[in-house]
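Construct all of the structure, not just a fragment, from the sequences and the given hints.
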Amino acid sequence: MDTSYLRTLKSKLLGTPAGRLVFVCNFEAENWWAEGYVGLPAPRFSAPTSVVGRMEELGVLLAGADDVLILKHPLDPGYREYLSGLGLPVPSVLVPENVRPDRSTTEDVLDSPELLRQLSALGAEGAHLLPMGTTVLEQKLTDRCGLPLAVPDAATFARVNSKIYGRRLTAAVGLRGIPGDCCESRDELAAVLRRRRPALTGGTRMVVKDAYGVSGKGLLLLDRPETADRLLRMVDRRAERTGDDRLHVVVEEWQDKSHDLNYQLTVAGDGGITLDFVKRAITENGVHKGHLMPVALTAGQRAELEHAAELVGGRLYDDGYTGIVGVDAILTTADVLYPVLEINARLNMSSYQGSVTEHCQPPGLVAFARHYPLRLPAPVGFDELAGALAPVLHRDGPERFIITCFGTVNADADRPPPFDGRLYALLVAEDQAGLTALDDAARAALAHLAPREH
Amino acid sequence: MDQGKIIAGIEQALSDVLQRPVSDLPSQTRLFEDLHLDSTSILELLMALEDTVGIEVDPENLEMSDFTSLETLATYVSANLNDDA
Numbered sequence: 001m002d003t004s005y006l007r008t009l010k011s012k013l014l015g016t017p018a019g020r021l022v023f024v025c026n027f028e029a030e031n032w033w034a035e036g037y038v039g040l041p042a043p044r045f046s047a048p049t050s051v052v053g054r055m056e057e058l059g060v061l062l063a064g065a066d067d068v069l070i071l072k073h074p075l076d077p078g079y080r081e082y083l084s085g086l087g088l089p090v091p092s093v094l095v096p097e098n099v100r101p102d103r104s105t106t107e108d109v110l111d112s113p114e115l116l117r118q119l120s121a122l123g124a125e126g127a128h129l130l131p132m133g134t135t136v137l138e139q140k141l142t143d144r145c146g147l148p149l150a151v152p153d154a155a156t157f158a159r160v161n162s163k164i165y166g167r168r169l170t171a172a173v174g175l176r177g178i179p180g181d182c183c184e185s186r187d188e189l190a191a192v193l194r195r196r197r198p199a200l201t202g203g204t205r206m207v208v209k210d211a212y213g214v215s216g217k218g219l220l221l222l223d224r225p226e227t228a229d230r231l232l233r234m235v236d237r238r239a240e241r242t243g244d245d246r247l248h249v250v251v252e253e254w255q256d257k258s259h260d261l262n263y264q265l266t267v268a269g270d271g272g273i274t275l276d277f278v279k280r281a282i283t284e285n286g287v288h289k290g291h292l293m294p295v296a297l298t299a300g301q302r303a304e305l306e307h308a309a310e311l312v313g314g315r316l317y318d319d320g321y322t323g324i325v326g327v328d329a330i331l332t333t334a335d336v337l338y339p340v341l342e343i344n345a346r347l348n349m350s351s352y353q354g355s356v357t358e359h360c361q362p363p364g365l366v367a368f369a370r371h372y373p374l375r376l377p378a379p380v381g382f383d384e385l386a387g388a389l390a391p392v393l394h395r396d397g398p399e400r401f402i403i404t405c406f407g408t409v410n411a412d413a414d415r416p417p418p419f420d421g422r423l424y425a426l427l428v429a430e431d432q433a434g435l436t437a438l439d440d441a442a443r444a445a446l447a448h449l450a451p452r453e454h
Numbered sequence: 001m002d003q004g005k006i007i008a009g010i011e012q013a014l015s016d017v018l019q020r021p022v023s024d025l026p027s028q029t030r031l032f033e034d035l036h037l038d039s040t041s042i043l044e045l046l047m048a049l050e051d052t053v054g055i056e057v058d059p060e061n062l063e064m065s066d067f068t069s070l071e072t073l074a075t076y077v078s079a080n081l082n083d084d085a
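Protein chains in written order, with full-length UniProt numbering: chain A, 1 to 454; chain B, 1 to 85.
Think of the hints as simulated: they come from the structure by calculation, not from any bench. All of these numbers come straight from a predicted model, not from anything done at the bench. You may find that some hints are simply not true.
Partial selection, computed: residues in chain B whose CB lies under 10 Å from chain A [said to hold, decoys possible]:
| # | residue |
| --- | --- |
| 1 | Leu31 |
| 2 | Phe32 |
| 3 | Glu33 |
| 4 | Thr40 |
| 5 | Glu56 |
| 6 | Asn61 |
| 7 | Leu62 |
| 8 | Glu63 |
Sample of chain A residues lacking proximity to chain B, with all beta carbon distances greater than 10 Å (derived) [claimed, not checked]:
| # | residue |
| --- | --- |
| 9 | Ala47 |
| 10 | Gly177 |
| 11 | Pro416 |
Positions of the beta carbon are idealized from the N, C-alpha and C atoms, including for glycine.
Encoded structure:
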């Protein structure tokens, strides 16, 4: 039996809690939505890593036993056995027969006739495709094999996931927006920076964000007028070189935070909107580190987020979107709640935690979903990892440490050592002190495996 | 500008971007794998290099090979400073 979380999701997307989903967790969706848009000046290359791609394995703990998960690489047998031993459902995993490291998983599927045939058969049996977010690739996949999408098409996803769209939506529905501006050309950026110059000179920091940047990426902090001048010079030189003066960014006043929050709403096919959960997001230098749940909110703050979810979901539905929506919010040190920092109309990191927390976090307990950076001299087998983590994996009492993604540990094992990996886990304890102790114990255990400061 | 000054300028720029002191790094230190630079921090680094060594570089003009290590970046900076001169 699927979790209540998954059954509810299926009901909202498919109209029935018993529907079958084929998951493809395309964490690189923003890159495809950004096609045709101009962001901050950036190198034409990116840091060589396969870790983000391997995060697709997080789908294992969201999908139900009767669902299907498409992965670029098979699930490690030791990890599968570990999950089964915990009593967690494991979906069927389908792997493209033609895989290339420089392609996304959906691109591999499109080049794999045997898998396309299997997906076509699943579609004929009534299954639906649920990507993290639909891009042109998943659109092509559904067109090629007749496996229908459970969510809207690529054009809709691209439209509603722009930060420019998010700012305009927030203003249009009358929610408290972060002070800032949208820019769609070099001249608009120049005008905004000119108008904001006195504030920058006075010590107000600004952040410039790509319309399609992901958490902590594609943004530039402006802390003085000289940095703004430099950015504009770079943008000018590029516009001169390319003859294209478009620029799709938002410029916002930096907010000193007390808490980052993340809440999820779901827009059902019939337009119904539900606030699924609110979590505290833990970030370091703008980069996502994990989620704490539940989060302590005042009644007023909760009511404000519920109101925001209704308005955001309603406008997204009017604009053709149905499905999961993650919204980042911020509570400032001045105790001001900005209910919309960013709208991510797609599955979010926290979306993948819904089923495993239902299984492993009994009411009244607290949980922390996080990842641990690793630096490894050589690939680590699952048994070796589990052995190192024995002090936290086998605890008496209510505390739990559940490995939620193993594929990311050795994702970059083909790089010259030492290479970086990530271990994703869910920690459950009776209170915050218990979580901290469990987290400390996990880090100590991992230090034996990978000698590095975390 | 001599190589020592360039390296010192790069380390100062890296300290600004990484928000921690960076000094006396081995020349083979890998910028991605060891220092964890990404596309965002490369843009910040280029801006910081304008301060520390006075070089103006557009990120689109960079090649991956320029960013392999501290040494390759120093070579790139040195070559472009000479071009400017």
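Hints and how they fare:
1. Leu31: holds, 9 Å
2. Phe32: It holds, given that the least Cβ distance between B:Phe32 and chain A is near 5 Å, below 10 Å.
3. Glu33: holds, 7 Å
4. Thr40: holds, 5 Å
5. Glu56: holds, 8 Å
6. Asn61: Holds - the Cβ of B:Asn61 comes within 10 Å of chain A, reaching about 9 Å at its closest.
7. Leu62: For B:Leu62, the interface hint holds, since the closest Cβ of chain A sits about 5 Å away, which is under 10 Å.
8. Glu63: With a minimum Cβ separation of about 7 Å from chain A (threshold 10 Å), the hint on B:Glu63 holds.
9. Ala47: violated, 5 Å
10. Gly177: holds, 23 Å
11. Pro416: Incorrect as stated: the minimum Cβ-Cβ distance to chain B is 8 Å, not above 10 Å.
Of the numbered hints stated above, those contradicted by the structure are hints 9, 11, listed in ascending order.
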